[in-house]
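Q: This is what each chain is made of:
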Amino acid sequence: MAVAESEPLVEMSHIRVAFGGVHAVDDVSINLHAGEVIGLVGGNGAGKSTLMKALSGAHPPNSGEIRVEGRRVTIANPRDAKLYNIECIYQTLALADNIDAPGNVFLGRELTTMWGSMDDGAMEDATRKVMGRLNPNFKRFAQAVKSLSGGQRQAVAIARAVHFNARILIMDEPTAALGPAETSQVRDLIRQLKTEGIGIFLISHDIHDVFDLSDRISVMYHGRIVDTIKKTETTADDVLGMIILGKKPEQVTQKELAELQLPGQSPAPNLAS
Amino acid sequence: MADIASAAPRQAPAAPRFSIRGALSAAEIDFRLFGMLLALVAILVGFNVVNEGTFLRPENMTTLAVQGAGVAVLATGMVLVIVARNIDLSVGSLVGFIAMSYALLMTNWLPNILGMGDDFPFRWLIALALGVGLGAVFGAVQGFIIAYVGVPSFVVTLGGLLSIRGAVWVLSQGAAVSGLDPTFQLLGGSAQGSIGGTLTWAVAIVGSLAIIALIVYNRRQRRRFGFPVRPMWAEVTIAAVGCLAVIGLAAFANGNYWPVGAATRYAQEHGITEPPGGLKIAVGLPWPVVILIAVTVVMTFLATRRRFGRYVYAYGGNPEAAELAGINTRWTVVKIYILMGVLCAISAAIAAARLNGSTLDVGQSYELYVIAAAVVGGTSFAGGIGTIPGAVLGAFVMQALAYGLAYTGYNSPIQNIVAGIVLVLAVGFDAYNRRRGGGS
Ligand SMILES: Nc1ncnc2c1ncn2[C@@H]1O[C@H](COP(=O)(O)OP(=O)(O)O)[C@@H](O)[C@H]1O
Ligand SMILES: [Mg+2]
Chain A
0 MAVAESEPLV
10 EMSHIRVAFG
20 GVHAVDDVSI
30 NLHAGEVIGL
40 VGGNGAGKST
50 LMKALSGAHP
60 PNSGEIRVEG
70 RRVTIANPRD
80 AKLYNIECIY
90 QTLALADNID
100 APGNVFLGRE
110 LTTMWGSMDD
120 GAMEDATRKV
130 MGRLNPNFKR
140 FAQAVKSLSG
150 GQRQAVAIAR
160 AVHFNARILI
170 MDEPTAALGP
180 AETSQVRDLI
190 RQLKTEGIGI
200 FLISHDIHDV
210 FDLSDRISVM
220 YHGRIVDTIK
230 KTETTADDVL
240 GMIILGKKPE
250 QVTQKELAEL
260 QLPGQSPAPN
270 LAS
Chain B
0 MADIASAAPR
10 QAPAAPRFSI
20 RGALSAAEID
30 FRLFGMLLAL
40 VAILVGFNVV
50 NEGTFLRPEN
60 MTTLAVQGAG
70 VAVLATGMVL
80 VIVARNIDLS
90 VGSLVGFIAM
100 SYALLMTNWL
110 PNILGMGDDF
120 PFRWLIALAL
130 GVGLGAVFGA
140 VQGFIIAYVG
150 VPSFVVTLGG
160 LLSIRGAVWV
170 LSQGAAVSGL
180 DPTFQLLGGS
190 AQGSIGGTLT
200 WAVAIVGSLA
210 IIALIVYNRR
220 QRRRFGFPVR
230 PMWAEVTIAA
240 VGCLAVIGLA
250 AFANGNYWPV
260 GAATRYAQEH
270 GITEPPGGLK
280 IAVGLPWPVV
290 ILIAVTVVMT
300 FLATRRRFGR
310 YVYAYGGNPE
320 AAELAGINTR
330 WTVVKIYILM
340 GVLCAISAAI
350 AAARLNGSTL
360 DVGQSYELYV
370 IAAAVVGGTS
380 FAGGIGTIPG
390 AVLGAFVMQA
400 LAYGLAYTGY
410 NSPIQNIVAG
420 IVLVLAVGFD
430 AYNRRRGGGS
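Taken in sequence, the protein lines are chains A and B.
Take the first sequence: its position 119, counted from the start at 1, is 118 in numbering that gives the first Met the number 0, and no numbers get skipped.
Take the second sequence: its position 108, counted from the start at 1, is 107 in numbering that gives the first Met the number 0, and no numbers get skipped.
To be clear, the hints were calculated from the coordinates, so they are not data collected in a lab.
One or more of the hints may lead you astray.
A short, non-exhaustive set of chain A residues, derived as facing chain B with CB atoms under 10 Å [to be verified]: (1) GLY56; (2) PRO59; (3) LYS81; (4) ASN84; (5) CYS87; (6) MET117.
Footprint (simulated), chain B over chain A, 3 or more residues, beta carbon under 8 Å [as the list claims (entries may be wrong)]: (7) 29-42; (8) 104-111.
Glycine included, C-beta positions come from ideal geometry on N, C-alpha and C.
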């Protein structure tokens, strides 16, 4: 990982996000390099999505600093984020269900003709090209995305991020709704994007995915980062321990370890959703 | 996953056998719109049968169209309001306010305050422009309160309904006002307020050419990118049916002649000797209908071809997604209400012109008819769904029922009972269809 020496693509420092009294993200610092995948893991409600929304402009942080390629930036809304080529695939996909795939891919950034009208032909053409990479069998370009399958909808959401040449890509549980074949397509895509020099934050509940794809892994617990660690320097068991207990392996007491391994009493977080 | 599994086999076997739905979907025609058109025709034919063939005459249909135009114009805007998960209850009051403003502008303010007497050129146009500006301002204020202050549209426009109607009274001190500019009066669509036989043919020819040009353009566009295109038979059929419908309607409109008295006067004024049986001057399309056609075309263009329309539908379909896509959703909502205000000014012009002035209750209850038209036309309160041609058809379905019942001798309470039932039936039928058709 020679990339670690270069200047980070993104640097988030001391980020705080509060909802009323709840500190969803509490003094978190994290960075990401070009061509790097950071696996962001943690139990439900740990603050992963909220941290990423601070970067994508969906929910600006209450305090903290964001730097893109060393430059201090203010990201107050999704438009700002897109200016810095930050694209986000939200957990909820954020698709307009009543609009077709090209309309969703280009939502907010429609191609227009010289008269300022939407150029549907050009948008469908570009969508066909990018979908060809993601889901070669996809043919339903004229249907509202509401009528598409979960995997197809996911592909549309990913196509939107990929088409606009993201430099920084946030993927919030991109494979949660997918079957095995589609999941492996997304994995291939992530590897390909990585070789293109794109920095990726990958939120996932699938520990195998995370180990398979990430360079570094950040574990979140109750709004804080427990540790950010190179994949090669940790094990799945250690990461799971941090997810559940919110402590680095060396800080875990024998008692906690024993409780963790007691059958039936496992405080394992719900990893399903 | 579930819906693709159930949808795919349903579509596949439909293709080889001939079915109306299959043919329509191959031709990419909106099934719902087609059904509405059939319903409208059925209503008209039904009343014709009940009235022993006296109903379906050009003069009746022209009257029906003129009466429905004001509501239909507003319905094109209400579609966008409802698609964007809002409502506008103030349209009737705003129509009343602007109609009264037109009347006062032309009888009092323009001549007495601005010194523009009866012979001042384009006075009617100045009044119209001021009315449109007024509508836009009212729309912008309501839209701003809804989008930026965050007061629900139901509340804001309910307030508008009450206070703007009150303002009509304040404007005129409770009096009716009459005596508009003669040119302005033409907008009301009397025999003189129609474009005549020749222009009606011209409109029909332009319309037919536009239909063909649009089809050719779309086909070229799809060819350019190598996309699948509609089968040729479908293209030709659509073009032929479209052109025939346009030309047929023009011929029908031109079958309506000036009333005998007006024709005789015209003959005398122009030194024409009347042929036996009287001079026959084709009325053609009344101005309100021409205005409605123009409004429908422009609004459809805005809704389907411009970013603005795309944002309205995206916001209605999923407000959060629209926001996350970087769309300025608040400004989009304000623009919708500005547009609605402008449409109120257009509708008010038709209403004032027909009355040759204004009374305190012009536009009363319009909001109800307009919302009903949009909803019967397929607009859903869930947001994101509705078309402008659908709303116009919806307005005419309701108008045809009211007019037909009146023609058959039923009074307005009966008309209201029927209108209410049809409204609920139409939406119920839609809900049933959507559930059955899947993809809810
Ligand atoms: N829009 C919101 N309003 C209030 N609380 C929220 C909101 N979004 C997230 N939270 C809270 O913030 C915390 C972190 O949530 P989230 O970032 O979604 O966690 P994760 O993605 O790790 O599962 C949770 O306690 C959640 O309830
Ligand atoms: Mg989440």
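Q: Compare the structure with each hint and give your call.
A: For each hint, the structure was consulted:
no., hint, result
1, GLY56, "8 Å, holds"
2, PRO59, "13 Å, violated"
3, LYS81, "6 Å, holds"
4, ASN84, "13 Å, violated"
5, CYS87, "8 Å, holds"
6, MET117, "6 Å, holds"
7, 29-42, "violated (count 0)"
8, 104-111, "holds (count 5)"
Of the hints listed earlier, those the structure fails to meet are numbers 2, 4 and 7, in rising order.
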